[in-house]
Structures are given as structure tokens and as C-alpha cells.
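Asks: Based on the hints, put chain X in the right spot on chain P.
First to last, the sequence lines map onto chains P and X. As numbered in my numbering, residues 5 to 207 make up the first sequence, in order. As numbered in my numbering, residues 5 to 207 make up the second sequence, in order.
Be aware that a few hints might be false.
Straight-line Cα separation of at most 35 Å, DSBU-like style, residue types lysine-lysine; simulated pairs [what the hints assert, rightly or not]:
id : chain 1 : residue 1 : chain 2 : residue 2
1  : P       : Lys125    : P       : Lys11
2  : X       : Lys50     : X       : Lys11
3  : X       : Lys6      : P       : Lys143
4  : P       : Lys26     : X       : Lys26
5  : P       : Lys143    : X       : Lys50
6  : P       : Lys6      : P       : Lys126
7  : P       : Lys50     : P       : Lys26
8  : X       : Lys143    : P       : Lys125
9  : P       : Lys11     : X       : Lys143
Derived from the structure by calculation, the hints contain no laboratory data.
Number of protein chains: 2
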Amino acid sequence: MKLLDAKMAPNSRRVRIFLAEKGLNVPVQAVALAQGEQHEPEFLAKNPMAQVPVLELDDGSCLAESAAICEYIEDLHPQPPLIGETAAQRAETHMWDRRVELGFFDHVLGTFRHTSPYFHKKMRQVPEYAECCREAGWKRLAWLDGHFADNTYLAGDRLTVADITLLCAVDFATVIGEGYDEQEFPNLTRWHADMTARPSSQA
Amino acid sequence: MKLLDAKMAPNSRRVRIFLAEKGLNVPVQAVALAQGEQHEPEFLAKNPMAQVPVLELDDGSCLAESAAICEYIEDLHPQPPLIGETAAQRAETHMWDRRVELGFFDHVLGTFRHTSPYFHKKMRQVPEYAECCREAGWKRLAWLDGHFADNTYLAGDRLTVADITLLCAVDFATVIGEGYDEQEFPNLTRWHADMTARPSSQA
Numbered sequence: 005m006k007l008l009d010a011k012m013a014p015n016s017r018r019v020r021i022f023l024a025e026k027g028l029n030v031p032v033q034a035v036a037l038a039q040g041e042q043h044e045p046e047f048l049a050k051n052p053m054a055q056v057p058v059l060e061l062d063d064g065s066c067l068a069e070s071a072a073i074c075e076y077i078e079d080l081h082p083q084p085p086l087i088g089e090t091a092a093q094r095a096e097t098h099m100w101d102r103r104v105e106l107g108f109f110d111h112v113l114g115t116f117r118h119t120s121p122y123f124h125k126k127m128r129q130v131p132e133y134a135e136c137c138r139e140a141g142w143k144r145l146a147w148l149d150g151h152f153a154d155n156t157y158l159a160g161d162r163l164t165v166a167d168i169t170l171l172c173a174v175d176f177a178t179v180i181g182e183g184y185d186e187q188e189f190p191n192l193t194r195w196h197a198d199m200t201a202r203p204s205s206q207a
Numbered sequence: 005m006k007l008l009d010a011k012m013a014p015n016s017r018r019v020r021i022f023l024a025e026k027g028l029n030v031p032v033q034a035v036a037l038a039q040g041e042q043h044e045p046e047f048l049a050k051n052p053m054a055q056v057p058v059l060e061l062d063d064g065s066c067l068a069e070s071a072a073i074c075e076y077i078e079d080l081h082p083q084p085p086l087i088g089e090t091a092a093q094r095a096e097t098h099m100w101d102r103r104v105e106l107g108f109f110d111h112v113l114g115t116f117r118h119t120s121p122y123f124h125k126k127m128r129q130v131p132e133y134a135e136c137c138r139e140a141g142w143k144r145l146a147w148l149d150g151h152f153a154d155n156t157y158l159a160g161d162r163l164t165v166a167d168i169t170l171l172c173a174v175d176f177a178t179v180i181g182e183g184y185d186e187q188e189f190p191n192l193t194r195w196h197a198d199m200t201a202r203p204s205s206q207a
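This is chain P alone, in the form it adopts within the complex (with noise of 0.2 Å):
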């Protein structure tokens, strides 16, 4: 098993950080973005959809989209739990895990696609859309944040693979000069601490 990957895609770190939770050692290819690897046949024929990361097995199949694969992962090492043990908690970690990504991790992606250099020849860029996202992504982080009044992690007790898709969002939203600030979002503020500490972070 190895994981084909690129250091800095936020994606291919929510894995990187799930498999360091479970206390597995899967090696890394990296793909090499800049240059456009992942467009070429070899890559392509892992992945038609050219992205990372994809999970290639043993016996030469590969496995695509971060969810899936930790998802894999779980159903492979249960322990410790990321997703859940019990129906009822699995549930509540998949909508977590949607509300982040669908409400937060998306629009910081939209920001990024829409307004960056490294996209203008790319893809068409609409920067007013990148408004739109910047704009839903403050209005969700506001509302994680009371929820993390009351929670110490997405799912209440449990850290699970939802803080970890939130994890990778805020600190790519960071990278790309969408930093939140501490005083207005000091709940958040704290759960970031708590996650930042774990070394799994540095995944």
C-alpha cells in the first residue's frame, strides 16, 4: 500500500493525518502538481479525475477522493476509532464531517481556485464568486465557533475524522492569507490548540 500525494493539497494532509491517528506507516509518493503529473497517462490511469491523493493497494488497484479512503482505512484498522463504533456515532461523524466540508472546507477551496495566480491559466476564475465563499466560509467559522463553546471536539467528546477535515480547511484558509483572528473566534482558537498539539498535526 502507498499514498500518492502532494505535500501542501489540503486533501492529501486530511489523509496523512488520519492514517498518523491510527499509528499506521504507509509510504508517500509525491506527485509532483507544479508540473502537472497528475494530467499525465501513468497518473491518469490511477485516477482519471488527476488529483491527490489515491491510495494505490497491493495488488495495484487504487483508491481515490480522501473521504473514501479514510473511510477504507477505518473498515481496515477500526481502532482508534475516527468514524465511530456504533451506527449512531458513525452517522454523527458523517454529518460533521459533510457540514465541514460542504459549509467550510469548500468555500476555502473556492476562494483559493478562484482568485490565485497559480490558477489563472488553469481554469476560468470568477473572482466575485470567490466573495460568495469568503463570505459563507466567516459565516460557518462564526458558527463553529459557539459550537465549540460547548464541544471539545465536531462530534462532542469524540475527536473524529470531522476535526480533522476542519483541522486541514482553517490551516489552508491560513496559508492563503484567510487566517480567522483569534479574539473573535477564541472557541475555535482553543479547539485549533488542542489539534495543533497532537502530533498527528504535523502529518
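Replies: Same frame as chain P, but now just chain X:
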């Protein structure tokens, strides 16, 4: 258990078809989206995201996000499998569900939200972004048409939740005037006819 949903919302239909394929009869309570019922305190207590569908459990707890609801139903009622019976099958299903959702369904919703008069006063619309969505959506649909040349369903010969997601997305695209050309996409047309012939498609 009851499902709070709205007849026209594509994510609500996704859950209704999933339940129908499982042979489950869950009472449905309509939420009047046009009248803003989803923004009232009683509904927000069930889902602060102000979205349908929501699965209300017998203990009064509520589960939101259609993908999370489907996972929960599969956990409680594994037969017939719509996600998978093995880790490898589940992984493949999750990968396809994401490819359809992020690569097509989101673009259909983006087209709708950024052009429909229904959203004029509800959000900031960016018609140029809708154009981007339209282009990206058609590109993905063409790719899926090629996939269906060699595969009965998205995950090969297994009907999965990913097919249900795609059916809801394709049909919603037609509703908003973005129907595809059957001559142009013959394999997608074959798959769509198969899906539509299933009684669950009427849910």
C-alpha cells in the same frame, strides 16, 4: 423514525430512493421550503444548517446530511447492500459517490443557485460562476457517458448509492433546463433508462 423532506429537493429524493431500494417505509413530513419553514426555530433545532432532508429518530435526535442518512440506513439495514458488503466494495462506492457529487451534482446545484429567480433575494448570485458550473458539469457528464459504455452501473455491476446520487442530479438538471441530449450521450441514456425503470425512481 420519520423523514423531514421536500418533494422537489434533489437530496431529499436521494434519501427517498435509497429507502425505497431497501424496502423501507419511513413516514415523511413535508417541510415548506418556499414558505421558509426551514429557517424557523423549531426546524433549526433539528438542523441548524436549515436544510432538508433530516431523519428524526424515535429518541428525538436528528440526523442531517443526505449522505450521512444513507450510511446510517445501510448500517441498520445492510440488505440489499447499496454501499457494500466488504471494505473494498464500500471504498469503491464512496469514491464513486464523491466523484458524482463533487464533479457533477455540485455543478448542477451551482448552476441552479446562481441563476434561478428563486434565489434572487436569498443570496448573492454570480451568473458567470453558473457558466463555469455548466461547463464543468457537461465535461463530467461526457466522461461518465464513456464510463457507462463498459459498466452497467458506476461501480461496475453493483447498483450503489452513487447511482442514486447521479440519478437525482441528472433529473434535477433536466428540471432546471439543463437536460442532456440522448444522441450525444447514448450510454448515459441506457443507464438512465435502467435506473428510471426501477420502482424506487418514483419515490
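Asks: Decide, hint by hint, whether the structure agrees.
Replies: Hints and how they fare:
1. Lys125(P) <-> Lys11(P): 22 Å, holds
2. Lys50(X) <-> Lys11(X): 19 Å, holds
3. Lys6(X) <-> Lys143(P): Holds, at about 30 Å.
4. Lys26(P) <-> Lys26(X): Judged against 35 Å, a Cα distance of about 33 Å means the pair holds.
5. Lys143(P) <-> Lys50(X): 19 Å, holds
6. Lys6(P) <-> Lys126(P): 28 Å, holds
7. Lys50(P) <-> Lys26(P): This hinted pair holds, its Cα atoms lying about 25 Å apart.
8. Lys143(X) <-> Lys125(P): 18 Å, holds
9. Lys11(P) <-> Lys143(X): 28 Å, holds
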